[in-house]
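From first to last, the protein sequence lines stand for chains A and B.
Per my numbering, the very first residue in the first sequence carries number 1; after that it's consecutive.
Per my numbering, the very first residue in the second sequence carries number 1; after that it's consecutive.
Any given hint might turn out to be false.
The following label-pair restraints were derived from C-beta to C-beta distances [what the hints assert, rightly or not]:
no.: 1; chain 1: A; residue 1: Q3; chain 2: B; residue 2: P39; range: 16 to 22 Å
no.: 2; chain 1: B; residue 1: L69; chain 2: A; residue 2: G16; range: 46 to 52 Å
no.: 3; chain 1: A; residue 1: S19; chain 2: B; residue 2: T5; range: 32 to 38 Å
no.: 4; chain 1: B; residue 1: G53; chain 2: A; residue 2: G16; range: 49 to 55 Å
From the derived model, a few chain A residues whose C-beta atoms are all more than 10 Å from chain B [claimed, not checked]:
no.: 5; residue: S7
no.: 6; residue: G41
no.: 7; residue: E55
no.: 8; residue: K68
no.: 9; residue: D82
no.: 10; residue: A84
no.: 11; residue: K96
If the Cβ cut is set under 10 Å, some of the chain A residues that face chain B in the computed set are [as the list claims (entries may be wrong)]:
no.: 12; residue: E9
no.: 13; residue: Y36
no.: 14; residue: Q38
no.: 15; residue: P44
no.: 16; residue: A89
no.: 17; residue: L97
no.: 18; residue: F99
Derived by calculation from the structure, the hints in this document are not laboratory data.
Here the structure is a predicted model, which means the values were calculated and not measured.
Every residue, glycine too, gets a C-beta built ideally from N, C-alpha and C.
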Amino acid sequence: EDQVTQSPEALRLQEGESSSLNCSYTVSGLRGLFWYRQDPGKGPEFLFTLYSAGEEKEKERLKATLTKKESFLHITAPKPEDSATYLCAVYRGDQKLVFGQGTRLTINP
Amino acid sequence: NAGVTQTPKFQVLKTGQSMTLQCAQDMNHNSMYWYRQDPGMGLRLIYYSASEGTTDKGEVPNGYNVSRLNKREFSLRLESAAPSQTSVYFCASTGTGTSVTDTQYFGPGTRLTVL
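Pulled out of the complex, with its shape left as it was, chain A reads as follows (with noise of 0.2 Å):
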C-alpha cells in the first residue's frame, strides 16, 4: 500500500534558523512528488512538484529537493509569513494523490 509520512508533525523555529522537512514515500512507479503550503483556514497553495531523484526546485526560501525514497523541503533564514502547514503528495500516475498528514511550521519573531 502506497505511504507517504511527514516528519516531524510540528516544528517550532525562530527567525533566522533554517532547517528541513521530510517526506517519505513508499509508492511503486512514482510519476511526481508534490508539495502544497496550506495557512490555517485556507486550501493547499502548490508550491512544487518534482519528478525525478536529484531533481531541485527553489521559491525564495524553499528549496525541495527529491531521492527514491523521500523529498526534502529546505527552508533558509524564514520568516514569520513562513509560518503555514506544508503538505506532500505523491502521483503514481491514476489520477489520484496521495497525501501525508502534513508538518506544521511556526516561525517566531
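We have chain A already, so just place chain B on it with the hints.
Only chain B this time, still in chain A's reference frame:
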C-alpha cells in the same frame, strides 16, 4: 479567474439531514476531486471525476455521492449526515491535458459540523 470556488463556506447539520456541497472551476480543467481533511489524517480522497461524465471512488467514499454536472461543476452530496462526517471538505481540479502530472489546484474549503 476565480480558480476553484466552493459553497457554502460553513455548514452545521443535524444527524440525518442531507446537503450538497458545490464546487466550480473556471480553468477549463478536465479532472475534479473531493477531499476531506481531518486533524492528523491529512487529505483523503472521497471521489474524483477524471473527465465530464465519469466519476470514481477514492479512499473514503462511504456515505457520499457525487455528480459531475458539466465540465465546470462537481458536487458532493451527503444523503444522511453522521457526526463522523464532521470535517473540512476541499474540492480540487487539474488537467489541461498538457502534462501527465498536472498540478491540482484547491478551493478554499467547506467547514461542516454534524451534530
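Outcome of the hint check:
For the pair A/Q3 and B/P39, the beta carbons lie near 19 Å from each other, so the given range of 16 to 22 Å is met. Between B/L69 and A/G16, the C-beta spacing of about 49 Å keeps the proposed range 46 to 52 Å intact. A hinted range of 32 to 38 Å for the beta carbons of A/S19 and B/T5 is consistent with their spacing of about 35 Å. Between B/G53 and A/G16 the beta carbon distance is about 52 Å. The supplied range of 49 to 55 Å therefore holds.
Consistency note on A/S7: stated as away from chain B, and its beta-carbon is indeed over 10 Å from all of that chain's, at 13 Å minimum. Some Cβ of chain B comes within 10 Å of the Cβ of A/G41; the nearest lies about 8 Å off, and the non-interface call is violated. The Cβ of A/E55 lies farther than 10 Å from every Cβ of chain B, with a closest approach of about 12 Å, so its non-interface assignment holds. Distance to chain B confirms A/K68 as a non-interface residue, since its nearest Cβ pair spans about 17 Å, more than 10 Å.
Distance to chain B confirms A/D82 as a non-interface residue, since its nearest Cβ pair spans about 19 Å, more than 10 Å. Every C-beta of chain B lies more than 10 Å from that of A/A84, the closest at about 14 Å, which supports listing it as non-interface. A cut-off of 10 Å between C-beta atoms contradicts the statement that A/K96 is not in contact with chain B; the least separation is 6 Å. Taking 10 Å as the C-beta contact cut-off toward chain B, the hint placing A/E9 at the interface holds, the least distance being around 8 Å.
A least Cβ separation of about 8 Å between A/Y36 and chain B falls short of the 10 Å threshold, and the interface hint therefore holds. With its C-beta approaching chain B no nearer than about 9 Å, A/Q38 sits inside the 10 Å limit, and its interface hint holds. Interface hint status for A/P44: upheld, as the beta-carbon distance to the closest one in chain B is roughly 5 Å, under 10 Å. Given hint, A/A89 at the interface with chain B, holds; its Cβ is 8 Å from that chain's nearest Cβ, closer than 10 Å.
The interface hint given for A/L97 is met, as the beta carbon of that residue sits about 6 Å from the closest beta carbon of chain B, less than 10 Å. Hint status for A/F99: holds, given a least beta-carbon distance of 4 Å to chain B, under 10 Å.
Comparing the model with each numbered hint stated earlier shows that hints 6, 11 do not hold.
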